[in-house]
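Turn these sequences into a full structure, and let the hints steer you where they fit.
So the protein sequences, as listed, match chains A and B.
For the first sequence, position 219 matches number 219 in the working numbering, and the numbering has no gaps at all.
For the second sequence, position 62 matches number 62 in the working numbering, and the numbering has no gaps at all.
Calculated from the structure, these hints are not laboratory results.
Keep in mind it's a predicted model, so treat the numbers as computed, not measured.
A couple of the hints might just be wrong.
Now the in silico label distances, taken between C-beta atoms and shown as ranges [to be verified]:
hint, chain 1, residue 1, chain 2, residue 2, range
1, A, A231, B, I17, 53 to 61 Å
2, A, R8, B, L19, 44 to 52 Å
3, B, I13, A, R232, 35 to 43 Å
4, A, L153, B, I13, 26 to 34 Å
5, B, V18, A, R55, 21 to 29 Å
6, B, N105, A, K68, 50 to 58 Å
7, B, M134, A, K68, 50 to 58 Å
8, A, A231, B, I13, 33 to 41 Å
9, A, L10, B, H175, 50 to 58 Å
10, B, V194, A, S84, 45 to 53 Å
11, B, Q38, A, E89, 18 to 26 Å
12, B, I13, A, L224, 35 to 43 Å
13, B, V182, A, A309, 38 to 46 Å
14, A, M180, B, L198, 33 to 41 Å
Negatives, chain B to chain A, calculated, CB over 12 Å [to be verified]:
hint, residue
15, R7
16, G15
17, V16
18, Y22
19, V24
20, D112
21, R163
22, P186
23, E207
24, G209
25, S211
26, P220
Derived contacts from chain A toward chain B, CB cut-off under 7 Å, selection only [what the hints assert, rightly or not]:
hint, residue
27, A30
28, L122
29, F138
30, P143
31, W146
32, V277
33, A279
34, I285
Ideal Cβ placement from N, Cα and C applies to all residues, glycine included.
Residues per chain are reported as follows:
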Amino acid sequence: MSGYILRRVLLMVPLLFGISVISYAVITFAPGDPARLLADPEQVTAEQLASARERLGLDDPLPIQYVKMMRGLMTGDLRSFRTSQPVIEMIGERLPTTLALSGLALVFGVGGGILIGIIQSLRPYSRVDDAGTFVSLFGFAVPDFWLAIMLILLFAVRLEWLPASGFRPAGTSGWNLVEMAPHLVLPTIVLGTGLMASMARYTRSAMLEALSQDYVRTARAKGLRERVVVARHALRNSLLPVITLLGFYVPILFGGAVVVETIFAIPGVGRLALDSVFARDYPVILSINLMGAVAVLAGNLLADVGYAAVDPRIRYK
Amino acid sequence: MWRRFLRNRRALIGGVIVLGLYLVALLAPLLAPHDPNQQILLDRLKGPSAEHLFGTDSLGRDILSRAIYGARVSLAVSLVATLITIVIGALVGLVSGYVGGWLDNLMMRVTDVFLAFPIFILLITVVAIYGSSMFLLILFLGLAAWPSTARLVRAEVLSLAEREFVLAARVGGAHNLRIMLVHLLPNLVPILVVAATLRVGIVILVEAGLSYFGLAVSPPTPTWGNMVADGRIYLDSAW
Chain A
1 MSGYILRRVL LMVPLLFGIS VISYAVITFA PGDPARLLAD PEQVTAEQLA SARERLGLDD
61 PLPIQYVKMM RGLMTGDLRS FRTSQPVIEM IGERLPTTLA LSGLALVFGV GGGILIGIIQ
121 SLRPYSRVDD AGTFVSLFGF AVPDFWLAIM LILLFAVRLE WLPASGFRPA GTSGWNLVEM
181 APHLVLPTIV LGTGLMASMA RYTRSAMLEA LSQDYVRTAR AKGLRERVVV ARHALRNSLL
241 PVITLLGFYV PILFGGAVVV ETIFAIPGVG RLALDSVFAR DYPVILSINL MGAVAVLAGN
301 LLADVGYAAV DPRIRYK
Chain B
1 MWRRFLRNRR ALIGGVIVLG LYLVALLAPL LAPHDPNQQI LLDRLKGPSA EHLFGTDSLG
61 RDILSRAIYG ARVSLAVSLV ATLITIVIGA LVGLVSGYVG GWLDNLMMRV TDVFLAFPIF
121 ILLITVVAIY GSSMFLLILF LGLAAWPSTA RLVRAEVLSL AEREFVLAAR VGGAHNLRIM
181 LVHLLPNLVP ILVVAATLRV GIVILVEAGL SYFGLAVSPP TPTWGNMVAD GRIYLDSAW
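Take a look at the structure:
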């Protein structure tokens with residue numbers, strides 16, 4: 001098992017190399033000059049542009065620029081074009097916010113989805129099942145930005161129960177969860193709804209399949225209580241497809257964070273990504289892309305390892 | 001197959017809705033009561049009325065007409081982008097799975113690279129940088145998803161290639177290209193249809209998300225995403 005994990009981690013190196021080259025190519029071959037974008041368009045002179053280009057290293061041949069940027073990334077002295085702040089600091093400041101938000105959305109999505117799926121599978125084709133199907137299909141179909149606006153309109157503007165934006169009350173800092181809780185409710189729901197919908201669908205069908213298996217009948221015949229049969233026999237075996245789904249969900253969660261952080265004005269990595277894209281801040285875009293790729297690869301690896309943890313029949317060599 | 005489809009009430013209802021939407025998009029010039037871009041500034045932000053069933057927006061444009069025309073963008077973008085995804089995915093998967101060897105290895109490693117991208121961030125990057133033309137948008141949305149289709153097709157081809165009918169074809173003297181196109185491709189249609197259907201829905205949502213950020217089709221053209229973005233400012237003040 002540890003040999004398998006080691007090989008998978010080593011395999012990430014060429015993958016990340018490929019991703020960094022492609023990301024780099026995409027942003028470098030773009031029309032438009034970041035030096036010009038940063039300068040004041042009214043009064044920039046040719047000399048100022050030239051010196052800005054030199055400072056940003058935009059005059060070097062492309063492979064040199066790439067190597068310089070990657071070296072900067074490894075050693076942590078890669079700096080933003082826009083603010084000259086080290087990229088690692090900019091991301092480091094915002095990463096806890098995005099991780100906290102994604103973590104909450106993950107708990108909400110997985111917990112809510114599995115719960116809905118189980119309830120549906122216990123009474124298939126009933127009213128309750130239909131209601132669950134409705135909720136999950138709604139969650140699939142609704143665009144996250146639209147859901148966010150509607151929730152803000154209802155809970156923040158009309159009912160005034162929850163704040164419409166921000167990550168913590170204005171003027172506060174740090175991680176006082178009690179103070180922050182009202183700010184976290186709506187973003188968590190918006191970010192987690194898609195996951196909840198997929199989770200509910202997959203759990204329902206996996207549970208229905210498991211509940212019709214012989215070992216469930218055996219468990220019932222032994223006189224086990226229904227709760228034990230459902231939780232210990234059927235559910236554990238249904239978790240398998242659900243785990244792969246989580247691995248695949250990492251990139252989607254990352255993209256959702258861009259939308260949610262922008263709409264709710266939350267200073268996270270997603271917001272930083274969007275701002276940097278608009279400002280042509282190449283080093284930041286490249287770093288965020290690579291960080292996202294690492295998250296995706298790690299997510300896939302965790303899904304494969306999680307497989308073996310739930311299903312003892314699966315063994316990796 | 002048609003009879004089974006028509007007998008399934010849910011499938012029928014879904015099919016009618018989808019077909020209806022495409023018809024609306026196709027017949028937009030006939031159905032829209034107003035010119036979607038005509039501005040009547042005196043009638044800004046009006047509520048629903050007999051003249052404007054959905055009301056008017058901040059520039060006095062008829063929202064129903066804009067929604068009808070917006071359907072064209074969403075549906076056209078999603079259809080063409082999905083077509084690109086499916087064609088590339090099927091091609092890569094077919095060749096990779098059937099030919100095998102180093103070519104398979106190479107293609108699958110390239111696929112892995114694309115699969116590991118945080119797609120939405122890549123999309124906002126390319127769209128923001130290369131400009132928001134409809135053509136590029138469709139191209140990028142189409143290119144974003146072929147790797148998962150390729151994986152799916154490859155897995156299917158690997159199992160199909162072991163079947164007797166492929167062996168029979170080879171014994172009958174069919175060359176590889178013929179086996180791939182005539183014998184294997186038709187058997188891939190079911191999974192391609194399923195993959196395409198799911199993909200169309202996802203692309204509509206992603207396109208709406210991009211145009212919400214002003215990154216998709218440029219302003220005067222109505223899309224569902226940019227209409228929501230425009231309306232957001234007036235949620236509290238309109239009507």
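Each hint tested on the structure:
For A231/A and I17/B, the Cβ-Cβ distance of about 38 Å falls outside the hinted range of 53 to 61 Å, so the restraint is violated. Take R8/A and L19/B: their Cβ atoms lie about 46 Å apart, and the range 44 to 52 Å holds. For I13/B paired with R232/A, a C-beta distance near 39 Å keeps the hint of 35 to 43 Å intact. Taking the beta carbon of each, L153/A and I13/B are about 30 Å apart, inside 26 to 34 Å as hinted.
The given range of 21 to 29 Å is broken by V18/B and R55/A, whose C-beta atoms sit roughly 54 Å from each other. The hinted range of 50 to 58 Å is not satisfied by N105/B and K68/A, whose Cβ atoms lie roughly 32 Å apart. Checked against the given bound of 50 to 58 Å, the beta carbons of M134/B and K68/A, roughly 36 Å apart, lie outside it. The hint said 33 to 41 Å for the Cβ distance between A231/A and I13/B, and at roughly 36 Å that hint holds.
Range check, L10/A to H175/B: Cβ separation about 39 Å, and the 50 to 58 Å hint is violated. For V194/B and S84/A, the hinted distance range of 45 to 53 Å is satisfied, since their beta carbons lie about 50 Å from each other. Distance hint check: the CB atoms of Q38/B and E89/A are about 51 Å apart, inconsistent with the given range 18 to 26 Å. A beta carbon spacing of about 41 Å between I13/B and L224/A agrees with the range 35 to 43 Å that was offered as a hint.
Judged by the Cβ atoms, the range 38 to 46 Å given for V182/B and A309/A holds: they are separated by roughly 45 Å. Separated by about 36 Å at the C-beta atoms, M180/A and L198/B satisfy the suggested range of 33 to 41 Å. Annotated as non-interface, R7/B keeps its C-beta farther than 12 Å from every C-beta of chain A; the closest such distance is 17 Å. Distance check for G15/B against chain A: the nearest CB is about 16 Å away, which clears 12 Å, and the non-interface claim stands.
The Cβ of V16/B sits about 17 Å from the closest Cβ of chain A, beyond the 12 Å cut-off, so the non-interface label holds. Every C-beta of chain A lies more than 12 Å from that of Y22/B, the closest at about 17 Å, which supports listing it as non-interface. No beta-carbon of chain A is positioned within 12 Å of the beta-carbon of V24/B; the least distance is around 17 Å. Not every C-beta of chain A lies more than 12 Å from that of D112/B, the closest at about 6 Å, which undercuts listing it as non-interface.
With 12 Å as the threshold on Cβ separation, the claim that R163/B sits away from chain A holds: the shortest Cβ distance comes to roughly 26 Å. Distance check for P186/B against chain A: the nearest CB is about 28 Å away, which clears 12 Å, and the non-interface claim stands. The claim that E207/B lies off the interface is violated: its Cβ sits roughly 10 Å from the closest Cβ of chain A, which falls inside the 12 Å cut-off. Chain A draws G209/B into its interface by the beta-carbon criterion, the shortest separation being 6 Å against a cut-off of 12 Å.
Distance check on S211/B: its Cβ comes as close as 10 Å (rounded) to a Cβ of chain A, failing to clear the 12 Å threshold; non-interface status is violated. No Cβ of chain A approaches the Cβ of P220/B within 12 Å, the least distance being about 21 Å, so the stated non-interface status holds. Taken as an interface hint, A30/A checks out: its beta carbon lies about 4 Å from the nearest beta carbon of chain B, inside 7 Å. Residue-level restraint check for L122/A is violated (minimum Cβ-Cβ distance to chain B is 21 Å; threshold 7 Å).
With 7 Å as the threshold, the beta carbon of F138/A stays out of range of chain B, its nearest partner Cβ sitting at about 13 Å, so the hint is violated. Given hint, P143/A at the interface with chain B, holds; its Cβ is 5 Å from that chain's nearest Cβ, closer than 7 Å. With 7 Å as the threshold, the beta carbon of W146/A comes within range of chain B, its nearest partner Cβ sitting at about 6 Å, so the hint holds. Here the hint on V277/A is kept, as its CB sits about 5 Å from the closest CB of chain B, short of 7 Å.
Taking 7 Å as the C-beta cut-off, the interface hint given for A279/A is violated, the closest approach to chain B being about 10 Å. Against a cut-off of 7 Å between C-beta atoms, the interface hint on I285/A holds, since the closest Cβ of chain B lies about 6 Å away.
The structure fails hints 1, 5, 6, 7, 9, 11, 20, 23, 24, 25, 28, 29 and 33 (numbered hints given earlier, in ascending order).
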